[in-house]
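Dock chain B against the given chain A, drawing on the hints supplied.
Next come the chains, spelled out residue by residue.
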Amino acid sequence: MRVPMPSVKKKPSLDFSLTGLIYASMMLFMGLAAINSPANLLFAVFGLMIGVLLVSALISRIVLRRIQVNRVLPESIFVGQSSTFQYEFANRKRFWPSLSVTVGELTGAEAFARQPQAYLLHAAAGTKAAVPMQVMPKRRGLHQLDRYQLSTSFPFGFIKRAIERSQKDSILVYPAIAQVDRKFLSLLMSAELGGARMKPRRGGTDEFYGVKEFRNGENPRWIHWRRSARTGSLVAKEMTRVAPPRLLVLVDSYIAHRSAVEHRAVERTIAMAGSLITRALDEGFSVGLAVWSRDWVLIPASRGKRHARDLMAVLARLELNITADSNAMVENGRRHLRNGTTSILFTPREVNQTLIDQARGKCIVISANSDAANRWFHFPPEVDFGQSMPADQEPQAE
Amino acid sequence: MYDLRQFKPSLYLVLLLGLTGFAMAVESPGFWGFCVLFVGVNAWLVRSGRYSPFPRWLANVVTLVSLTYVFMQIWVPRPPLLCIGQFLAFLQIIKLYEQRANRDYAQLLVLSLLLMVAAAINTASLLFGFLMLVYMTMSLYCCLIFHLKVEADRAKAAFPILSDKVNPATLQQDQRYLARSMRRLTGLVWTAATAMAVLVFIFFPRGAGLGILGQLQFKTNAAMTGFSERVSFDQINDIKQNDDIVAHVMVFKGDKRVPGTESLFLRGLTLDSYGPDPARSQRYQWTRARQNRDEDLASDGDLRTHLVSTGAQWRQQIRLEPSEARCLFALPGVMRLQTERQFSFRYVPADESIHAAEIVGSSLKYDVISTNQPTRPELFDNILRQTLLIGVDSDAKVLDRIRLYTLRPEVTDGLAAQHSRIYAIQDSNEEIARKIEHHLKSNFTYTLDLTEYRNVLKDGDPIYNFLTKVRRGHCEYFASAMTLMCQSVGIPARMVVGFRCDGDSYNVYSNCYVVRQANAHSWVEVLTPRGWVTFDPTSGREDSRHRSASLWQSIKQFFDFVEYKWAEHVVAYDAKDREKMLQSLDTAVTRTAISTAGEILNWREWISHKWEELAFSSAFYDTFFNVLSLMIALMAAGMFAAIIWYFVSRSRLKRRAHRIGFDTLPRRQQLRLARQLAFYDTLTLALHRHQIVRQPHLTAKEFANTLVFLPAESYEAIRRLTRLFYRVRFGNTDLNPHRQRRVEEIVHRLAETLEKLFPRRRAWRKT
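Keeping their order, the protein sequence lines are chains A and B. Counting in our numbering, the first sequence runs from 1 upward without gaps. Counting in our numbering, the second sequence runs from 399 upward without gaps.
So here's chain A without its partners, still in its complex pose (with noise of 0.2 angstroms):
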């Protein structure tokens, strides 16, 4: 089943509007006035129009020439989430101001609800103008942003000039973010899931860990004076700091049928991952991630905005799967699980039992469109799974 495309309109480089005809009509109606009647005004009045008319064709060609455009994109959009595009318009032109002028996407529109289109109102001869466009992105994964088009009907509405032009951007989508309940996140911090240990290392304000030689410039709050005393030279405690709880968010993108219902729930999937991953490393959570994507992706966990990217890329970019199926993760999630770290599978799948046989105790599992999930996973309403994968994996027709 395709999904629908926005409609891209393409405008022919050289066209009458109807206002055009219709002056058109009228300056045809004023030359037979002038021929009819014998006020010599007329024709100057006729000629007037006719020169109208040829200036305003010369004023849309120079209007668009030499007209430079530079997208400025974001560094990261998701979908279902509202974006601001900047197209920055250069006109090098030395004498005339352009005017008017309308911007449209001809390719890599498909990766957003419409065709992303801008309107720049003046841009002064031999200065820039920015423009910011509004967009929302529908489908996550790379999108090449080649082909589009400049368009203006200025001076008078009579003529509509387009030219094309090319420039190669890309833009990748990351999949859509929800809210995620803190109460999802409190328990996967829980030491009493399986695996998950406090791994006491130095540096916090925790617990006592050891001693140290006290430099200049440390607390003296944290001076030992029994063990200084001892000593004869000053040492300081150490304290303990909590490592923070490690994650490894396996993927199951799995789809056995094609069908509608299942690549939105594999959608659904990505997504509440992309979510969970974004959420827990804005808390300081370490999380990895291990995913099919034509082969098997691991990435360790790590935190960092960097990480945070890299994660979500992958997330974005993953293809489609129809080779390893939910056990095949789960078996390859185990096989890198370390200890301290807190597995969690999100599948498409009802949960059955021998899936949570397999993760007892090492892995939590969640389904997509199981209430747990909706309760702990709140989507903006803008997001549609059922067309938010890339458009090389759209369904096929039941």
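Fair warning: there could be bad hints in the mix.
[Said to hold, decoys possible] Here are the simulated lysine to aspartate or glutamate pairs, DMTMM-like style, with alpha carbons at most 25 angstroms apart:
#1 A:K168 / B:D1132
#2 B:K963 / B:E719
#3 A:K128 / B:E1143
#4 B:K839 / B:D902
#5 B:K547 / B:E496
#6 A:K93 / B:E1143
#7 B:K839 / B:D825
#8 B:K554 / A:E164
#9 A:K160 / B:D551
#10 B:K554 / A:E218
#11 B:K547 / A:E88
#12 B:K978 / B:E961
#13 B:K763 / B:D653
#14 A:K128 / B:D1132
#15 B:K554 / A:E110
#16 A:K128 / B:E1114
#17 A:K93 / B:E1142
#18 A:K305 / A:E110
#19 A:K128 / B:D551
It should be emphasised that the hints constitute simulated quantities derived from the structure, not laboratory data. All values reported here derive from a predicted model rather than from experimental measurement.
Leaving out everything else, chain B in the frame of chain A:
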């Protein structure tokens, strides 16, 4: 999103100009005032924020009322285009009061344009032409802004952006220099449109499709007041002077132009039978008694009469404006008449009047040669008159009563009583006529306002009442009275209706008499042995020689002259003018081409002649050798200088690169950067002159930061220049020559500021 504030003021201005143009065309100040009032109120309401659009039903009702009014006007005989124009103006006003959206503004603009077109059909005055030019310019500007507004509104609806996502600085940047851009574009559109208008106006064929769709324009500039082919006395009004121009007449006596020193009596038609209208007994009027043999001349328009001039010939070049009259005017004694274009007319030898076959609907140029002398009738007519076979056709009763008056001693000193009734043409005719003329001039008063004597004049024969009771009136009364008085005593007389122009009518700029409706006049011609002699019995209309014009009169004459030229070359531009223009253009181009070719040939011959002279002279070779040697030496010196300059500039660039600190880069990059970063070198040298030196361990940015002790402006300038330095050095930015010059100027200004701050004698300072 975007705020195009210029649109509404320009729209209102365009509407006002359109309404003014139409009011000017229909010559109705009241209409203009009415429209301006409503437009002004609307503008005030909009500006003060009190405006609220009419409900649609109310606008529809008002529209229907206006339509009804206009229909009623059509039933009264008014030109249809006038009514259409009024309706368009009403529509505009109604639209103004229910304006809501862009569609309404578009309708207003279209209505305004249609109104101006209707006005352009009706009038051809120069002032309107200027107004039209201003209107076109403003409307072009307004349309450009309107289009921008429409597109911006459409984009706002189609591509909405949350207001918090839009940077106000970005929007402001888009509207920077918008006014300048609009001016440039308006100038381009105006220039192109005007050029095309002129080309179409000059070269578009004329005349072929005239009237193809019927007559829609206003009635032409008719002689409503002033000259009329009908003379009757049933309407008694306060006659107002009418300054509409009837004709421009250039007069030559022999070969010399008459400079406004002569009075001209331009004859139109003659009337010789007076009496009551049989249909309406109270209506007295003049008619032509009989029409003799008429000569139809339709082919070449060249009229030749039997008259022969014994004195100087008076040549008149007349340009007659469109009128409802069918007369062509000329001085008495028409010998020859020729029209510029194909025009059929009839000449009546009996009274020398010339009648057009149709109404003069457009300007007509014709040349007339006259004797300007009393003319004698043809022999046959003369005999008939003398033998009274041609009698007087005026009403006998009227003549009887007027004879009684004429025979009074104080009128003709008894001469009239002695006049024989047997022979019509006698020697005493002229003397008697002179007496009558003198009597009327001396004892009667000229006035245009006879309203208080309406009842008296209408009671019976108005001329008799004029003579006996009222004793005041305008030229028709005077001429009628004299004519009847002459006829009553058996003297052949006729009233002539035409125009009289004195020196006051002469325009020194155009060197012609400007004949207006106000110059319409009636006088008398009496048949004497000399011929038909002209008499003007109207009192208070003395012959006024050309007097030097006052300043205001001179200004008025100048405007009349400009208006005349406008009418002649623009309004009356027709197919013939177009052909002349094309011919003269063709002739000029051909002549230029031939003369240029001739000049080129002459030059070639001269050069080859000189060359032959030189070639056979021995001195030529010496000179040639010297010149050649000099040229070679100069070339060699030039090359040498170029090489030296090249190495010197290379060396300078290398030194500059070394000073700035990138002499480790590849040679090519060094030279490129040295050229681009000349400004930074100048800056550091300027600072160095004042002992402000960058330490080797400091980067350019760190060095700039240390200059905080300088005035804020200079400090900021140095920081900006340093940022530019980084962009060029590391950012692959290229400065074009224009930008380099601007940056150099900034550096020079900075150097001057440093010079003022730190004169050279100050103590050494190092950072």
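Here is how each hint holds up against the structure:
1. A:K168 / B:D1132: The hint holds at about 24 angstroms.
2. B:K963 / B:E719: holds, 13 angstroms
3. A:K128 / B:E1143: Satisfied, since the Cα-Cα distance of roughly 23 angstroms is no more than 25 angstroms.
4. B:K839 / B:D902: holds, 21 angstroms
5. B:K547 / B:E496: holds, 19 angstroms
6. A:K93 / B:E1143: holds, 24 angstroms
7. B:K839 / B:D825: Distance ~23 angstroms between B:K839 and B:D825 Cα, so the pair holds.
8. B:K554 / A:E164: Between B:K554 and A:E164 the Cα gap is close to 23 angstroms, so the pair holds against 25 angstroms.
9. A:K160 / B:D551: Given that 25 angstroms is the threshold and the Cα spacing comes to 17 angstroms, the pair holds.
10. B:K554 / A:E218: Not satisfied, since the Cα-Cα distance of roughly 60 angstroms exceeds 25 angstroms.
11. B:K547 / A:E88: holds, 22 angstroms
12. B:K978 / B:E961: This hinted pair holds, its Cα atoms lying about 22 angstroms apart.
13. B:K763 / B:D653: Holds, at roughly 20 angstroms.
14. A:K128 / B:D1132: holds, 17 angstroms
15. B:K554 / A:E110: holds, 23 angstroms
16. A:K128 / B:E1114: Judged against 25 angstroms, a Cα distance of about 23 angstroms means the pair holds.
17. A:K93 / B:E1142: Given that 25 angstroms is the threshold and the Cα spacing comes to 24 angstroms, the pair holds.
18. A:K305 / A:E110: Given that 25 angstroms is the threshold and the Cα spacing comes to 28 angstroms, the pair is violated.
19. A:K128 / B:D551: Roughly 22 angstroms between the alpha carbons, so the hint for A:K128 and B:D551 holds.
Hint violations for this structure: numbers 10, 18, all remaining hints satisfied.
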